[in-house]
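Trainee: Construct the complete structure from the given sequences, taking the supplied hints into account.
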Amino acid sequence: MLLELIYDSKVVKEPILTRVAIEENTLLNIIEAKVSAREGKIVVELEDEIADRIERKFTEYGVKVRRLERGVEKKDTCVDCGACISICPVGVFSFDKEFRLVADSSKCMRCGTCVTICPVKALSLPE
Amino acid sequence: MKTIEEINRRIKEGSVNVVTAIEMKEIVSELGYEKAAKEVDVVTTGTFGAMCSTGVFFNFGHSDPPIKMQRVWLNDVEAYTGIAAVDAYLGVTQLSETLGMEYGGAHVIEDLLRGKDVELRATAYGTDCYPRKEIVTEISLEDVNQAIMVNPRNAYQRYNAATNSSGRILRTYMGTLLPHFGNVTYAGVGELSPLNNDPEYRTIGIGTRIFLGGAKGYIIGEGTQHAPPYGTLMVKGNLKEMDPRYLRAATFPGYGTTMFVGIGIPIPILDEDLAKSTAIRDSDIVTNIIDFGVPRRNRPVIRKVTYEELKSGKVEINGEEVRVSPLSSYRMAKEIAEELKKRIEKGEFLLTMPVERIPSRGEFKPMRQKEIKVVRSVMSSPAITIGPDATIEEASKILIEKGINHLPVVDDNGRLIGIVTSWDIAKAVAKGGVKVEDIMTRRVITAHPDDPIEIAARKMDVNDISALPVVDEKGRVVGVVSSQDLSKLLAR
Numbered sequence: 001m002l003l004e005l006i007y008d009s010k011v012v013k014e015p016i017l018t019r020v021a022i023e024e025n026t027l028l029n030i031i032e033a034k035v036s037a038r039e040g041k042i043v044v045e046l047e048d049e050i051a052d053r054i055e056r057k058f059t060e061y062g063v064k065v066r067r068l069e070r071g072v073e074k075k076d077t078c079v080d081c082g083a084c085i086s087i088c089p090v091g092v093f094s095f096d097k098e099f100r101l102v103a104d105s106s107k108c109m110r111c112g113t114c115v116t117i118c119p120v121k122a123l124s125l126p127e
Numbered sequence: 001m002k003t004i005e006e007i008n009r010r011i012k013e014g015s016v017n018v019v020t021a022i023e024m025k026e027i028v029s030e031l032g033y034e035k036a037a038k039e040v041d042v043v044t045t046g047t048f049g050a051m052c053s054t055g056v057f058f059n060f061g062h063s064d065p066p067i068k069m070q071r072v073w074l075n076d077v078e079a080y081t082g083i084a085a086v087d088a089y090l091g092v093t094q095l096s097e098t099l100g101m102e103y104g105g106a107h108v109i110e111d112l113l114r115g116k117d118v119e120l121r122a123t124a125y126g127t128d129c130y131p132r133k134e135i136v137t138e139i140s141l142e143d144v145n146q147a148i149m150v151n152p153r154n155a156y157q158r159y160n161a162a163t164n165s166s167g168r169i170l171r172t173y174m175g176t177l178l179p180h181f182g183n184v185t186y187a188g189v190g191e192l193s194p195l196n197n198d199p200e201y202r203t204i205g206i207g208t209r210i211f212l213g214g215a216k217g218y219i220i221g222e223g224t225q226h227a228p229p230y231g232t233l234m235v236k237g238n239l240k241e242m243d244p245r246y247l248r249a250a251t252f253p254g255y256g257t258t259m260f261v262g263i264g265i266p267i268p269i270l271d272e273d274l275a276k277s278t279a280i281r282d283s284d285i286v287t288n289i290i291d292f293g294v295p296r297r298n299r300p301v302i303r304k305v306t307y308e309e310l311k312s313g314k315v316e317i318n319g320e321e322v323r324v325s326p327l328s329s330y331r332m333a334k335e336i337a338e339e340l341k342k343r344i345e346k347g348e349f350l351l352t353m354p355v356e357r358i359p360s361r362g363e364f365k366p367m368r369q370k371e372i373k374v375v376r377s378v379m380s381s382p383a384i385t386i387g388p389d390a391t392i393e394e395a396s397k398i399l400i401e402k403g404i405n406h407l408p409v410v411d412d413n414g415r416l417i418g419i420v421t422s423w424d425i426a427k428a429v430a431k432g433g434v435k436v437e438d439i440m441t442r443r444v445i446t447a448h449p450d451d452p453i454e455i456a457a458r459k460m461d462v463n464d465i466s467a468l469p470v471v472d473e474k475g476r477v478v479g480v481v482s483s484q485d486l487s488k489l490l491a492r
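Those protein sequence lines, which keep their order, are chains D and U.
In terms of the UniProt record's numbering, the first sequence opens at residue 1 and continues consecutively.
In terms of the UniProt record's numbering, the second sequence opens at residue 1 and continues consecutively.
Do not rely on the hints blindly, as some may be mistaken.
[As the list claims (entries may be wrong)] Just some of the chain D residues that point at chain U, by a computed CB distance under 10 Å:
1) Tyr-61
2) Val-65
3) Val-79
4) Asp-80
5) Cys-81
6) Gly-82
7) Cys-84
8) Ile-85
9) Ile-87
10) Cys-88
11) Arg-100
12) Leu-101
13) Thr-113
14) Pro-119
[Claimed, not checked] Heads up, simulated EDC-like pairs for lysine to aspartate or glutamate below, C-alpha to C-alpha not over 20 Å straight-line:
15) U:Lys-311 with D:Glu-98
16) D:Lys-121 with U:Glu-102
17) D:Lys-107 with D:Glu-73
18) D:Lys-97 with U:Glu-335
19) U:Lys-311 with D:Asp-96
20) U:Lys-334 with D:Asp-96
21) D:Lys-75 with U:Asp-111
22) U:Lys-342 with U:Glu-23
23) D:Lys-97 with U:Glu-26
24) U:Lys-314 with D:Asp-104
25) U:Lys-342 with D:Glu-98
26) U:Lys-334 with D:Glu-98
27) U:Lys-240 with U:Glu-119
28) D:Lys-97 with U:Asp-111
29) D:Lys-75 with U:Glu-335
30) D:Lys-97 with U:Glu-241
31) D:Lys-121 with U:Glu-110
32) U:Lys-314 with D:Asp-96
33) U:Lys-2 with U:Glu-345
34) D:Lys-57 with D:Glu-24
35) D:Lys-75 with U:Glu-110
36) D:Lys-121 with U:Glu-345
37) D:Lys-97 with U:Glu-308
38) U:Lys-427 with U:Asp-412
39) D:Lys-75 with U:Glu-102
40) U:Lys-314 with D:Glu-98
Simulated from the structure, these hints should not be mistaken for laboratory data.
Here a beta-carbon is modelled for each residue, glycine too, at the ideal position from N, C-alpha and C.
Mentor: Dropping the structure here:
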């Protein structure tokens, strides 16, 4: 599961992420981080089973949490060219037997690279 | 031996045997050439890829009072008007003057094809016969007299695959190329591609009727840059009869707009030789992987590769497995071959023999240039340099005395180890620091003495810097080239 952690100006200076990881004795994979003086956003990946518990903990420490939909969405305007296949860092895309492009959304890290390079703008990340 | 007349008779009678190029490979391996040639009358091929040399001739009809369009824009995309008064040619790679790479000639063509209205804006100098100097109106595909697609170069037989040895992401017409051989991209559909199935161009020539963008079209000659086995075709067709399913506008980020064009070509199986050539396999079709990391005309060939390897999704480069992206749609190419097969079976599409053959040889010559100006001829040399142990005061003294802003830092052997700029000195004064090596930039972007000046200018542009140390093969600094040196030479 992917969680988006939204820090406001009060908590942005606190090392909350590591605190939660240590206290809950768990691993959090940081996918994306943008932290500035007044606010910050970190996207972490974690096991589905512990998501509720971790979400609660972050909320206790004053961090807003939003669950992110994993995976890219493919519109039917896709022409199945395959330009996205080799640029995806985690190998989300492949062809099926009929040479249709398929996306294995469970692997997606939401980096957005495919969205920008798709020649016919057929890919998007769910909000 | 069969004739085209016999095949057309069978099409009209409904007894023709049409197979796609994909099916033909299996039939030949099962029956052999001889039997396959007797059994099969027509093999359909297809391709669906980004084809930049694509565009449409329009005739807009005359306004009242009439105008001789000197310049014309369709949705802010300029079309070429150096022909008769209300004729214009819109190319797919022409960019919108307001939206840039988001929207180009290809998008205008697709919008028209989808029934949308498009803004037409034209200006003129005014003549006795064409007094109007300006017009703004809206047009649709229905409104124009003609919309004739004429594509100077389509349906490449095969194409060089691309990779990138450099340390930077490259945005190219071959898609996005990741640094350090991060991926490979290729175009074309190999064994399904029309020209690969008739490599002698016996049945594909001037006058051949084809499937173009969903409509009937014609080959009008060999395409530009036709250089077998990298053959190309010039084609024409009526945009008004086409289907947006087979013509799709595209943007390659950082490069520009282009259009996916769907082309299908039927090959009459007149004899065993044609049965043999339509049995070609991806493993027989060889191309090169070339390195776009070298921004020169003669980009180095990294290795030879077959379409079979490219289609497997992985190729090996320098002992490492690299992922591959096609840029053409094999699924759409297959659909086109199947659609063309259906139309022939239904008797809607008759075959033609070429009225003239296209050349089976061709040379792709480089541009004749007066001279290629290289960095060596414009750089400041010998370079003024400094050692890493020098103090910041010494460095600033040199910069002031010599009136320069960039000071390469070299070791005892004259090899480049860093660079100090007047800005670094200012920072050092503000933050403290004693020696040059404390403040120098260690990852230096350099030029080679034999680099063309355009390459050096692009490096400065991309990296937002104003000078490059010029370094020879041994890593020694032989000069410095600045943006000022170049701006004197390059037209802005």
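Trainee: Now look at each hint and say whether the structure bears it out.
Mentor: Against the structure, the hints:
no.	hint	result
1	Tyr-61	violated (35 Å)
2	Val-65	violated (33 Å)
3	Val-79	holds (5 Å)
4	Asp-80	holds (4 Å)
5	Cys-81	holds (5 Å)
6	Gly-82	holds (4 Å)
7	Cys-84	holds (7 Å)
8	Ile-85	holds (5 Å)
9	Ile-87	holds (5 Å)
10	Cys-88	holds (9 Å)
11	Arg-100	holds (6 Å)
12	Leu-101	holds (8 Å)
13	Thr-113	holds (8 Å)
14	Pro-119	holds (4 Å)
15	U:Lys-311 with D:Glu-98	holds (13 Å)
16	D:Lys-121 with U:Glu-102	holds (10 Å)
17	D:Lys-107 with D:Glu-73	holds (13 Å)
18	D:Lys-97 with U:Glu-335	holds (14 Å)
19	U:Lys-311 with D:Asp-96	holds (13 Å)
20	U:Lys-334 with D:Asp-96	holds (14 Å)
21	D:Lys-75 with U:Asp-111	holds (18 Å)
22	U:Lys-342 with U:Glu-23	holds (14 Å)
23	D:Lys-97 with U:Glu-26	holds (17 Å)
24	U:Lys-314 with D:Asp-104	holds (18 Å)
25	U:Lys-342 with D:Glu-98	holds (19 Å)
26	U:Lys-334 with D:Glu-98	holds (9 Å)
27	U:Lys-240 with U:Glu-119	holds (18 Å)
28	D:Lys-97 with U:Asp-111	violated (32 Å)
29	D:Lys-75 with U:Glu-335	holds (19 Å)
30	D:Lys-97 with U:Glu-241	violated (32 Å)
31	D:Lys-121 with U:Glu-110	holds (14 Å)
32	U:Lys-314 with D:Asp-96	holds (16 Å)
33	U:Lys-2 with U:Glu-345	holds (18 Å)
34	D:Lys-57 with D:Glu-24	holds (9 Å)
35	D:Lys-75 with U:Glu-110	holds (18 Å)
36	D:Lys-121 with U:Glu-345	violated (36 Å)
37	D:Lys-97 with U:Glu-308	holds (15 Å)
38	U:Lys-427 with U:Asp-412	violated (26 Å)
39	D:Lys-75 with U:Glu-102	holds (18 Å)
40	U:Lys-314 with D:Glu-98	holds (19 Å)
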